[in-house]
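Trainee: Sequence:
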Amino acid sequence: MLAIGIGIWRYQSGTGTIGEAVALLGYVTLVIKPIEEIRGIVQEYQQARGVLSRIDELMSPAPVVDGTRTLASGPLSVRLDHVSYRYPSSPDWVIRDLSLTIPAVTHVAIIGRTGSGKTTLGRLVSRIERAQQGLITLNDMPIDTISESSMRQAVGVISQESDIFNATLRDNITCFAPGFTDDAIRTALTTCGLGDWLASLPEGLDTPIGDGERALSPGEQQLLAVARIAIRQPGLIVLDEASAHVDPANEQRIATALTSLTRQRTTLTIAHRLNTVYAADLVIIMADGVIIESGAPIQLAATPGSHFATLLATNLAEVL
1 MLAIGIGIWR YQSGTGTIGE AVALLGYVTL VIKPIEEIRG IVQEYQQARG VLSRIDELMS
61 PAPVVDGTRT LASGPLSVRL DHVSYRYPSS PDWVIRDLSL TIPAVTHVAI IGRTGSGKTT
121 LGRLVSRIER AQQGLITLND MPIDTISESS MRQAVGVISQ ESDIFNATLR DNITCFAPGF
181 TDDAIRTALT TCGLGDWLAS LPEGLDTPIG DGERALSPGE QQLLAVARIA IRQPGLIVLD
241 EASAHVDPAN EQRIATALTS LTRQRTTLTI AHRLNTVYAA DLVIIMADGV IIESGAPIQL
301 AATPGSHFAT LLATNLAEVL
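When you line the sequence shown up against my numbering, it's residues 1 to 320, in that order.
In case anyone wonders, no lab produced these hints; they're calculated from the structure. Please read these numbers as outputs of a predicted model, since none were measured by experiment. Any given hint could be a false lead.
The calculated label-pair distances, taken between Cβ atoms and stated as ranges, are [what the hints assert, rightly or not]: (1) S149 / I41: 28 to 38 Å; (2) D140 / S217: 39 to 49 Å; (3) I128 / R54: 15 to 25 Å; (4) P304 / T114: 19 to 29 Å; (5) D92 / E203: 22 to 32 Å; (6) G74 / R49: 45 to 55 Å; (7) A249 / P34: 57 to 67 Å; (8) G305 / V42: 43 to 53 Å; (9) T190 / P304: 26 to 36 Å; (10) D81 / I38: 53 to 63 Å; (11) Q264 / S147: 35 to 45 Å; (12) S147 / E44: 15 to 25 Å; (13) D140 / A199: 40 to 50 Å; (14) D281 / V51: 28 to 38 Å.
Here a beta-carbon is modelled for each residue, glycine too, at the ideal position from N, C-alpha and C.
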């Protein structure tokens, strides 16, 4: 644009011709093109450095201290004592001095605005993240003293999106872990409402699924995630709104499967819709990493001035 402006100015002032203006624009273009190419090379170099740095981190992971204790089968109790947590990339605390006791076989719904810390709380209880301060116990065992294999067996997590492997249905349910019989896999699928779907598959449990094979709908993916947990029979289940991104018909199927799965187990539901919390024994409302209210949902809804009643009254029953 500058070259065009200079060319027009010289022509209008009588100090240059149209030909000279065109030549000036051509010379400027010739200069700019290699500069743009150099800039592209620099960007690719920076991206390559980032990729190589990440590969180096993956090839040299920091040692993870694993526990040695084993959780007994059955429902788990959960306790948090003055727990605080912040992500390594942020100076702000996401969970602040939080204390909470959840008896075994209790269904707790955790609600709050985006950024309130509810999802982080679920990640701490399942040891996806580790608190910098305070103590978390499962069945009165400090969570850091429990072995990784015992944690994966005793705690099940179902998030809003589930990964599907490019593998057989059997491997997708067992996540390639040995020791599960075909009868156990079929029972888990049937319990989760996928019995008829399994019967329709041409190769049964050996049917390849995933990208490039048999694509699954979002509802089928989430039901498959429920079956993955059902086959392990964990004592604690963390649900991060497993039916948030499915249609109403599949949402009902998932809700039915989860009702069966969570029966006689300790359950933490990270709730984004207020209408999903009424099945809980206890509702916890979080804000800025702390608990600002807790109680039975029906009791809180009937209490004028409660945070829960205010959320209902302001028509926030759909998505928090």
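Trainee: Decide, hint by hint, whether the structure agrees.
Mentor: Now the hints, each set against the structure:
1. The supplied range of 28 to 38 Å is broken by S149 and I41, whose beta-carbon atoms lie about 48 Å from each other.
2. Distance hint check: the CB atoms of D140 and S217 are about 42 Å apart, consistent with the given range 39 to 49 Å.
3. Checked against the hint of 15 to 25 Å, the pair I128 and R54 passes, with Cβ atoms roughly 20 Å apart.
4. Between P304 and T114 the beta carbons are some 26 Å apart, a value that agrees with the proposed interval 19 to 29 Å.
5. Separation of D92 from E203 is about 51 Å and departs from the stated range, judged on CB atoms against 22 to 32 Å.
6. Range check, G74 to R49: Cβ separation about 50 Å, and the 45 to 55 Å hint holds.
7. The hint said 57 to 67 Å for the Cβ distance between A249 and P34, and at roughly 59 Å that hint holds.
8. With their beta carbons about 59 Å apart, G305 and V42 fall outside the hinted range of 43 to 53 Å.
9. Taken as a hint, the range 26 to 36 Å is violated for the pair T190 and P304, whose Cβ atoms sit roughly 46 Å apart.
10. The given range of 53 to 63 Å is respected by D81 and I38, whose C-beta atoms sit roughly 57 Å from each other.
11. Between Q264 and S147, the C-beta spacing of about 24 Å breaks the proposed range 35 to 45 Å.
12. A hinted range of 15 to 25 Å for the beta carbons of S147 and E44 is inconsistent with their spacing of about 44 Å.
13. Our hint of 40 to 50 Å for D140 and A199 holds, since their Cβ atoms are close to 44 Å apart.
14. Distance hint check for D281 and V51: the Cβ-Cβ separation is about 48 Å, which falls outside the suggested range of 28 to 38 Å.
Hints 1, 5, 8, 9, 11, 12, 14 from the list above are not met by this structure, while the remaining hints are.
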